[in-house]
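Peer 1: Residues 58 to 386, numbered by our numbering, are exactly what the sequence shown covers, in order.
Mixed in with the good hints, there may be bad ones.
[Said to hold, decoys possible] With a cut-off of at most 27 Å between alpha-carbon atoms, the simulated BS3-like pairs for lysine-lysine come out as follows: (1) K310 / K272; (2) K198 / K234; (3) K274 / K310; (4) K198 / K108; (5) K313 / K234; (6) K310 / K256; (7) K274 / K234; (8) K272 / K256.
[Unchecked claim] Computed spacing ranges between beta-carbons, pair by pair: (9) R249 / N271: 16 to 26 Å; (10) F381 / E129: 14 to 24 Å; (11) E340 / D160: 17 to 27 Å.
These are computed hints drawn from the structure, not numbers from a lab.
Quick reminder that beta carbons are idealized off the backbone N, C-alpha and C, glycines included.
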Amino acid sequence: MTALPSSKPFEYNRKHERMLSMKKRLCFCALLVSLFLLSSCSGRVANPIVKIGDHSFSTDFYRYLYLNFEEEMPDAEEAEIHQTVLAELREVAAVYEMADNYDIRTEASGKDAYEAMLESDFEGDEAALEAALEQAHMDRKLFETAYELQAIEEAVYFFVVDEANGIIHASDEILLKDISTNFFHASHILIRFDNHDAKEECLALAQQALDRVNKGKDFAALIVELGEDEFMLNNPDGYYFTHDEFEVMEFEKTVKELEIGQTSGIVESPYGYHIIKRLPLEEDYINENLESLRASFCTRKYYEFKANLASGFTVSYTDAFETFSAEAE
Numbered sequence: 058m059t060a061l062p063s064s065k066p067f068e069y070n071r072k073h074e075r076m077l078s079m080k081k082r083l084c085f086c087a088l089l090v091s092l093f094l095l096s097s098c099s100g101r102v103a104n105p106i107v108k109i110g111d112h113s114f115s116t117d118f119y120r121y122l123y124l125n126f127e128e129e130m131p132d133a134e135e136a137e138i139h140q141t142v143l144a145e146l147r148e149v150a151a152v153y154e155m156a157d158n159y160d161i162r163t164e165a166s167g168k169d170a171y172e173a174m175l176e177s178d179f180e181g182d183e184a185a186l187e188a189a190l191e192q193a194h195m196d197r198k199l200f201e202t203a204y205e206l207q208a209i210e211e212a213v214y215f216f217v218v219d220e221a222n223g224i225i226h227a228s229d230e231i232l233l234k235d236i237s238t239n240f241f242h243a244s245h246i247l248i249r250f251d252n253h254d255a256k257e258e259c260l261a262l263a264q265q266a267l268d269r270v271n272k273g274k275d276f277a278a279l280i281v282e283l284g285e286d287e288f289m290l291n292n293p294d295g296y297y298f299t300h301d302e303f304e305v306m307e308f309e310k311t312v313k314e315l316e317i318g319q320t321s322g323i324v325e326s327p328y329g330y331h332i333i334k335r336l337p338l339e340e341d342y343i344n345e346n347l348e349s350l351r352a353s354f355c356t357r358k359y360y361e362f363k364a365n366l367a368s369g370f371t372v373s374y375t376d377a378f379e380t381f382s383a384e385a386e
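Using the sequences and the hints given, assemble the complete structure.
Peer 2: Below you can see the structure in the form of structure tokens.
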């Protein structure tokens with residue numbers, strides 16, 4: 058997925074937080090590199106393995122994505138990995154299609170981005186950076202191209218969400234109606250795994266917190282006393298979000314299952330143990346933060362628009378798919 062603007066600064070944000078660490082940054086680039094290997098309607102791709110709409114993908118790049126997803130999904134069967142690769146290729150093809158349809162270009166410099174990363178993240182040690190890229194099945198050229206193509210989707214995003222272009226409509230009237238049915242408000246007490254020696258210790262702390270909640274202890278006070286989500290500590294209003302906005306699906310799923318005012322049991326996620334409380338939408342907060350909520354609305358609409366475009370492509374595989382191997386030839 059692509060790093061785009063959003064209003065949530067903590068790990069729950071689905072889009073832009075992937076650029077915060079080197080490993081996530083490389084994985085993010087992996088999903089954008091495909092644009093480099095896409096052909097135009099009249100172009101050709103060496104050794105193509107699949108064609109999605111008018112856009113062909115090479116076997117080498119397919120393998121590259123496959124290896125990345127294989128690492129991210131260690132328990133998945135081959136068929137599931139292939140389906141995940143196909144889903145990503147559909148979305149990338151949709152981005153390429155929009156860029157082509159709207160005649161979108163950028164002047165982003167992958168070379169400058171590489172040099173900046175070399176200095177900021179690797180203290181000038183190019184061998185270390187090259188090793189990190191290799192670990193992610195990349196090289197410098199691939200990274201530079203991926204960075205430039207990240208800029209393409211960002212440009213596509215801003216074009217699509219600009220009301221002047223007539224693709225997404227986000228007037229106050231439309232937005233307020235949508236907020237009432239498609240936005241959620243919640244807070245939580247988070248006990249993070251990485252702040253403790255063992256999950257067992259985290260679970261014990263979470264159980265103690267839940268016991269105090271069930272005995273009537275003020276939830277907001279417990280967030281201040283026990284919570285380890287810095288966003289919550291600095292933003293007592295909690296999280297306002299729309300569908301599919303969080304990376305942590307367990308959090309969003311739980312909030313949707315709760316009634317307003319209801320508190321969950323202990324919910325485990327990759328980040329830790331959560332005790333979640335669903336809260337009512339507050340009119341004052343909405344009015345004061347309408348622009349950030351509009352950004353969330355537009356981001357959701359953009360991804361819905363892209364997904365709809367991606368789902369409409371026809372897919373055809375070449376003979377290379379029948380002999381595909383994850384091992385490089």
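Peer 1: Hint by hint, say whether it matches the structure.
Peer 2: For each hint, the structure was consulted:
no.	hint	result
1	K310 / K272	25 Å, holds
2	K198 / K234	46 Å, violated
3	K274 / K310	25 Å, holds
4	K198 / K108	24 Å, holds
5	K313 / K234	18 Å, holds
6	K310 / K256	22 Å, holds
7	K274 / K234	35 Å, violated
8	K272 / K256	24 Å, holds
9	R249 / N271: 16 to 26 Å	22 Å, holds
10	F381 / E129: 14 to 24 Å	19 Å, holds
11	E340 / D160: 17 to 27 Å	42 Å, violated
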